[in-house]
Amino acid sequence: MIKEIFSIIDLNFIFLVFVGSIAGLFVGAMPGLSVTMATALLVSITFTWEVNSAMALIMGVYTVGVYSGAVTAILINIPGAPSSVATTLDGYPMAKKGDALLALKVAAFYSFIGTIIGLVVLGISAKEVAKLALAFTPMDYFLLSLFGLTTVGSLTSKNFTKGMISAMVGVFISMIGMDPIVGISRFTYGSVNLQRGISIIPALIGLFGFSEVLYQISLKKEKKEMLNVSREKNSLKDILGHWALSIRSSIIGVIIGALPGTGGPIAALLSYEHAKKSTKSPKVPFGEGAIEGIVASEAANNACIGGALIPMLTLAMPGDAVTAVILSAFYVHGLRPGPLLFTETPEMFSVILAGGFVGSIMILLLGLTVAPLLSKVVAIKERHLFPIVVVLCVIGSYAASTHIFDVFLMLIFGIVGYIMRRRDYAVAPMVLGLVLGGIMDSNFRRAMSLISASDNLLNDLFFRPITIILTILVIFSVVSNFISISSIKEKLKK
Amino acid sequence: MKNNEIVEGSILSVLSIFFIIESLKLHNNQELALSPALFPLIITSMGLFLSILLIFKGIKKTDYIRSDKGNIRLVLLIVALSFLYLILLERFSFILSSVIYLFLFTFILGERKWWLLILISTLTPVLIWYLFANLLGVYLP
Chain A
1 MIKEIFSIID
11 LNFIFLVFVG
21 SIAGLFVGAM
31 PGLSVTMATA
41 LLVSITFTWE
51 VNSAMALIMG
61 VYTVGVYSGA
71 VTAILINIPG
81 APSSVATTLD
91 GYPMAKKGDA
101 LLALKVAAFY
111 SFIGTIIGLV
121 VLGISAKEVA
131 KLALAFTPMD
141 YFLLSLFGLT
151 TVGSLTSKNF
161 TKGMISAMVG
171 VFISMIGMDP
181 IVGISRFTYG
191 SVNLQRGISI
201 IPALIGLFGF
211 SEVLYQISLK
221 KEKKEMLNVS
231 REKNSLKDIL
241 GHWALSIRSS
251 IIGVIIGALP
261 GTGGPIAALL
271 SYEHAKKSTK
281 SPKVPFGEGA
291 IEGIVASEAA
301 NNACIGGALI
311 PMLTLAMPGD
321 AVTAVILSAF
331 YVHGLRPGPL
341 LFTETPEMFS
351 VILAGGFVGS
361 IMILLLGLTV
371 APLLSKVVAI
381 KERHLFPIVV
391 VLCVIGSYAA
401 STHIFDVFLM
411 LIFGIVGYIM
421 RRRDYAVAPM
431 VLGLVLGGIM
441 DSNFRRAMSL
451 ISASDNLLND
461 LFFRPITIIL
471 TILVIFSVVS
481 NFISISSIKE
491 KLKK
Chain B
1 MKNNEIVEGS
11 ILSVLSIFFI
21 IESLKLHNNQ
31 ELALSPALFP
41 LIITSMGLFL
51 SILLIFKGIK
61 KTDYIRSDKG
71 NIRLVLLIVA
81 LSFLYLILLE
91 RFSFILSSVI
101 YLFLFTFILG
111 ERKWWLLILI
121 STLTPVLIWY
131 LFANLLGVYL
141 P
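Quick mapping for you: the protein sequence lines, in order, are chains A and B.
The UniProt record's numbering numbers the first residue of the first sequence as 1 and each following residue consecutively.
The UniProt record's numbering numbers the first residue of the second sequence as 1 and each following residue consecutively.
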């Protein structure tokens with residue numbers, strides 16, 4: 001397989017990953033611009049390209065973007081991307097003490113390690129998972145999607161009910177348009193534009209792009225001071241001495257990433273907690289600038305990339321918001337992710353791995369050279385940046401279909417997303433619902449028609465090991481959210 | 001002081017009920033398992049259940065936190081401007097519409113240096129147009 005990966009990497013490929021990386025470095029570091037936003041825009045722009053080139057660009061943005069959230073986390077105490085929240089805890093205190101450069105280097109190095117470990121796990125396990133997935137019945141696909149929605153609903157929202165409402169609205173919107181099985185149009189009310197269904201790209205750009213700009217504009221900002229990066233020399237030992245922790249953190253990252261619906265922020269926080277418990281005597285206490293804190297957070301959130309790609313490639317089940325966007329890119333290019341991807345278009349798997357691999361090297365290259373200079377770039381004023389971002393959102397939503405109606409949709413989704421953010425409804429469950437809705441609908445009905453055709457329905461439907469496990473997972477994720485453990489304890493006391 | 005959960009829950013319940021009725025209309029005597037109404041019914045019913053749950057949570061809630069409304073005026077202005085941009089795009093070329101849009105947008109966000117306003121609003125559309133339409137082959141309006 002390594003041979004196949006290297007056969008893909010040529011100068012053109014490296015150049016495209018590099019361009020993506022520069023974009024990723026920028027959007028990751030700018031608070032208010034997200035990797036998800038950039039990926040959604042890229043999917044629309046690269047729509048006519050050859051799929052390898054599009055993926056090279058996207059993987060560059062993805063890998064480097066996840067890393068570069070750390071830059072602002074360290075320098076101004078604002079995570080450039082949500083997955084770097086845990087990096088602020090020790091990164092900023094460290095920078096305050098004058099060790100900004102060391103913090104940035106540590107973040108770059110361990111993001112690199114995390115990415116590589118994530119990709120290795122992806123490379124080893126994906127084919128096995130795909131084999132397992134071949135045995136999935138329609139019911140299993142339905143349950144797995146449902147599990148994805150319940151986890152994303154509980155983890156991204158402060159309030160599980162609101163998270164689930166967001167997911168349900170997403171699923172509902174996905175049903176607008178032509179019904180996939182019998183071909184009746186649903187909820188279109190005679191509109192020809194709705195007949196085609198709600199295209200995923202304008203929805204994504206609206207929800208992650210335009211709505212974010214509106215949200216940022218509405219905030220009353222306090223000025224944050226940018227810390228200077230001094231040019232001190234650091235010993236290599238300071239940077240490289242945390243390999244054991246970084247491997248453990250990466251493994252946490254991969255596992256969390258692979259669960260549908262979770263993602264970088266959760267992985268980073270869990271791994272940070274782990275580092276706190278497992279590091280017996282840190283040189284500097286946690287929260288006051290411990291290197292271990294940065295190592296744990298950055299290794300984990302980058303390892304998430306490989307993890308999140310496992311269910312996306314093998315089951316067409318995105319692990320987080322960015323992979324939901326990449327999934328839509330696959331569909332746009334006429335590819336079918338899922339177990340058959342490995343037999344129908346096996347080279348796509350190598351392309352993704354190659355893109356991630358080159359991207360991780362870009363983290364190291366750009367992180368050690370350009371990132372310290374980013375403090376100047378981040379100082380760009382919002383009033384100069386946001387108008388341009390919205391113009392890009394308009395182009396992006398127009399480019400994929402060349403329908404002006406899609407631009408209109410993008411604006412509507414932007415407004416909806418803005419209201420949701422204001423009211424504490426997370427946007428991510430809605431996106432996942434939109435992406436998974438079609439899969440859920442058709443698989444659920446297939447499962448139902450299998451029941452009505454079968455003599456022994458319960459046996460066919462539920463008494464298979466995969467189905468039982470998935471059912472338990474769904475029930476557990478719902479029940480654990482409605483009844484928190486503390487409330488049970490209180491009742492027991494009474 | 002408003003209790004947001006109750007208001008939101010009520011609006012969502014009404015919407016759910018409306019769409020439950022709409023979903024029922026989709027069913028026309030097919031086998032239920034394959035009916036296009038089946039899945040919408042399940043989703044809208046779940047929506048109704050969750051909205052009612054939200055109302056109950058709102059009733060039970062005792063600690064009110066006054067939510068910061070943010071700068072709504074500015075947001076509304078930008079939204080209106082963006083729809084204007086859409087209308088402009090339908091009639092005029094990409095560059096012309098974008099120049100007008102960017103100029104007004106940047107101005108509304110508080111930029112008052114006239115040379116910067118002109119620079120941003122003219123240079124960006126031209127650069128974007130060159131990059132996207134010429135180099136990347138993206139079709140622009």
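Derived from the structure by calculation, the hints contain no laboratory data.
Check the hints yourself; a few may be wrong.
[Unchecked claim] Some chain A residues near chain B, calculated using beta-carbon distances under 8 angstroms:
no., residue
1, Glu4
2, Met168
3, Phe172
4, Ile173
5, Leu214
6, Ser218
7, Val377
8, Ile380
9, His384
10, Ile404
11, Phe408
12, Arg423
13, Arg445
14, Ser452
Please read these numbers as outputs of a predicted model, since none were measured by experiment.
The beta-carbon is built from N, C-alpha and C at its ideal position, and this holds for glycine as well.
Right, here's what the structure says about each hint:
1. Glu4: violated (28 angstroms)
2. Met168: holds (5 angstroms)
3. Phe172: With a minimum Cβ separation of about 5 angstroms from chain B (threshold 8 angstroms), the hint on Phe172/A holds.
4. Ile173: violated (10 angstroms)
5. Leu214: holds (5 angstroms)
6. Ser218: holds (4 angstroms)
7. Val377: With a minimum Cβ separation of about 16 angstroms from chain B (threshold 8 angstroms), the hint on Val377/A is violated.
8. Ile380: Violated, because the Cβ-Cβ distance from Ile380/A to chain B comes to roughly 11 angstroms (cut-off 8 angstroms).
9. His384: Since chain B brings a Cβ to about 6 angstroms from His384/A, closer than 8 angstroms, the hint holds.
10. Ile404: For Ile404/A, the interface hint holds, since the closest Cβ of chain B sits about 6 angstroms away, which is under 8 angstroms.
11. Phe408: holds (6 angstroms)
12. Arg423: holds (7 angstroms)
13. Arg445: holds (6 angstroms)
14. Ser452: holds (5 angstroms)
The structure shown violates the earlier hints numbered 1, 4, 7, 8.
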